[in-house]
Amino acid sequence: MTDKARNILVTTIVLLVSLYSCTQERQPCLTPRSASLRMRMVRKVTDSLTIDTATPNPFFRAVAAGGQQGYLYTSRSSFALSLSPVADTSMWLYSPDTAAGTLTDTIIFRYERQLQFISNACGYTYYYDLRSAATTSHTIDSVQIINSSVTSDASKNHIQVYIHPRP
Amino acid sequence: MCAPVYAQADTTKTADTAAAETDVPDRKKYDVGHQLAIGVDVFYPVLNTRISNKYSYEGEVHYYLKNEYYLAAEGGWGGSEVSYPDLQYTTTNYFGRLGFNKSILYRESEHDWDMMFVGLRMAYGNVSRSPGTYIVTDSLWGSISGISPARSFSVIWSEVTMGMRVELVHGLLAGWNLRGKFLMNGKSFRDLQPLHIAGYGKGDKGAVFDLNIYLDYAIRWGRKEKKK
Numbered sequence: 001m002t003d004k005a006r007n008i009l010v011t012t013i014v015l016l017v018s019l020y021s022c023t024q025e026r027q028p029c030l031t032p033r034s035a036s037l038r039m040r041m042v043r044k045v046t047d048s049l050t051i052d053t054a055t056p057n058p059f060f061r062a063v064a065a066g067g068q069q070g071y072l073y074t075s076r077s078s079f080a081l082s083l084s085p086v087a088d089t090s091m092w093l094y095s096p097d098t099a100a101g102t103l104t105d106t107i108i109f110r111y112e113r114q115l116q117f118i119s120n121a122c123g124y125t126y127y128y129d130l131r132s133a134a135t136t137s138h139t140i141d142s143v144q145i146i147n148s149s150v151t152s153d154a155s156k157n158h159i160q161v162y163i164h165p166r167p
Numbered sequence: 001m002c003a004p005v006y007a008q009a010d011t012t013k014t015a016d017t018a019a020a021e022t023d024v025p026d027r028k029k030y031d032v033g034h035q036l037a038i039g040v041d042v043f044y045p046v047l048n049t050r051i052s053n054k055y056s057y058e059g060e061v062h063y064y065l066k067n068e069y070y071l072a073a074e075g076g077w078g079g080s081e082v083s084y085p086d087l088q089y090t091t092t093n094y095f096g097r098l099g100f101n102k103s104i105l106y107r108e109s110e111h112d113w114d115m116m117f118v119g120l121r122m123a124y125g126n127v128s129r130s131p132g133t134y135i136v137t138d139s140l141w142g143s144i145s146g147i148s149p150a151r152s153f154s155v156i157w158s159e160v161t162m163g164m165r166v167e168l169v170h171g172l173l174a175g176w177n178l179r180g181k182f183l184m185n186g187k188s189f190r191d192l193q194p195l196h197i198a199g200y201g202k203g204d205k206g207a208v209f210d211l212n213i214y215l216d217y218a219i220r221w222g223r224k225e226k227k228k
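Those protein sequences? They're chains U and D, same order as listed.
Going by the numbering used here, the residue at position 115 of the first sequence is 115; the numbering climbs one at a time, nothing skipped.
Going by the numbering used here, the residue at position 66 of the second sequence is 66; the numbering climbs one at a time, nothing skipped.
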């Protein structure tokens, strides 16, 4: 073995070992853990034309086994709601304008849960396959499932909610 | 190891003129006989003492074929334990790799077995995983726990590698392998990809880099002595 060979060997081993990562802590979870149902509020103008419809002070309330939890939004037409991973049904209450004291509609989603392994950093989550959506009709005219697969993909809408046409 | 570098420079010069191409002398080929080297990785045993949730042991055998090609066979075993608040399981696995190395250095003499090399491998492993206990936490709706059943599955990956071996004393070689590994059947165990697969690395990554540091003992035979 020449001195040059020995120097190259030692240098490369020191360099490579110093670059080698041997951390044992759990890596941070960098991907979305939860799958949210995305809904869009629209109003029919004609049979073939709809427009996005934002309400002034929309309010959603989840009806969970442990109680209710509400979310007040600023005016908008798109919402992301979570579905229950502990049941095959989730119930949300919707009020289009809390300030005006509008009547509250109830929306019920039925679905199949699909256990999904994300990674060792993030663990498991549930994805959902929507089966049906039903609603009362105070403010809401009807709901339509436009994409039944609810995953961590945040680019797709799943539900279109038709608000009653203005009188 | 130095002479080939100068020889390479000579080749570049002579390539400038077509007429000179025929004047390039052939590199001297030595009758080096056979070499069988058996070695162990000494890097992972050190890591095993520092990392409590995974372990690996690896060894290698390489045999000189001809024209600076070496047949390479490697193998080992290992395991891991995942004990996160929301995910717990253990794995054990064994693995084997088969491929070749091509030395890219020219020999200074028939006794020169120092080398830098590039190589390819195909690898196979078999992983046994315990039942995986998980909890999906949801602050609004509540949490749910469950068990992913235990299973065994095969892992196949390919590797490109580069490295070096230097003969410290007669027959005792030391060196390293840097490896780029590409998982080829990751979809088949997507239900719970292991944190660590001995021989590969992170089971939930499609491509990983890895390092081995080897100590080898070489047995040589069959070299014809020059007649004086």
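Hints listed in this document are in silico derivations from the structure and should not be mistaken for laboratory results.
From the three backbone atoms N, C-alpha and C, an ideal C-beta is built for every residue, glycine too.
Any given hint could turn out to be false.
[Said to hold, decoys possible] Take a look, some chain U residues computed to stay more than 10 angstroms from chain D by CB distance:
(1) A5
(2) R6
(3) I8
(4) R38
(5) A54
(6) A64
(7) D105
[As the list claims (entries may be wrong)] Chain U side only, calculated, beta carbon under 8 angstroms to chain D, not exhaustive:
(8) T98
(9) A99
(10) A100
(11) G101
(12) Y126
Exercise for the section: Mind checking the CB of Y126 of chain U against every CB in chain D and telling me if the closest is under 8 angstroms? Expected result: holds, 6 angstroms
Exercise for the section: Classify the label on R38 of chain U as holds or violated, using whether its beta-carbon is more than 10 angstroms from each beta-carbon of chain D. Expected result: holds, 17 angstroms
Exercise for the section: Over 10 angstroms to the closest beta carbon of chain D is the bar; see if D105 of chain U clears it. Expected result: At about 20 angstroms from chain D, D105 of chain U clears the 10 angstroms cut-off, so the statement holds.
Exercise for the section: Tell me if G101 of chain U is really an interface residue toward chain D, meaning its C-beta lies closer than 8 angstroms to one of theirs. Expected result: violated, 25 angstroms
Handout entry: Given hint A100 of chain U near chain D, where the shortest CB pair must fall under 8 angstroms
Key = Nearest chain D Cβ about 26 angstroms off; hint violated.
Exercise for the section: Measuring Cβ to Cβ, find out whether I8 of chain U lies farther than 10 angstroms from everything in chain D. Expected result: Contrary to the label, I8 of chain U does not stay out of reach of chain D, its closest Cβ about 7 angstroms off (not over 10 angstroms).
Practice task
With 10 angstroms as the threshold, tell me whether A54 of chain U passes as away from chain D on beta-carbon distances.
Solution key: For A54 of chain U, whose nearest Cβ neighbour in chain D is about 24 angstroms away, the distance exceeds 10 angstroms, so it holds.
Exercise for the section: Would you check whether the claim that R6 of chain U is not at the interface survives, using Cβ distances to chain D and the 10 angstroms cut-off? Expected result: The claim breaks: R6 of chain U does not keep its Cβ more than 10 angstroms from every Cβ of chain D (closest is about 7 angstroms).
Exercise for the section: May I ask you to test the interface hint for A99 of chain U with respect to chain D, counting a Cβ-Cβ separation under 8 angstroms as satisfied? Expected result: Violated - the Cβ of A99 of chain U stays beyond 8 angstroms from chain D, reaching only about 24 angstroms at its closest.
Practice task
May I ask you to check that A64 of chain U keeps its beta-carbon over 10 angstroms from the closest beta-carbon of chain D?
Solution key: A64 of chain U not clear of chain D: closest Cβ-Cβ about 5 angstroms, inside 10 angstroms.
Problem - Restraint satisfaction for T98 of chain U [CB to CB of chain D, less than 8 angstroms] - result: Violated, because the Cβ-Cβ distance from T98 of chain U to chain D comes to roughly 19 angstroms (cut-off 8 angstroms).
Problem - Interface-negative label, A5 of chain U against chain D, beta-carbon threshold 10 angstroms - result: violated, 5 angstroms
The structure is inconsistent with the numbered hints 1, 2, 3, 6, 8, 9, 10, 11, although it conforms to all the rest.
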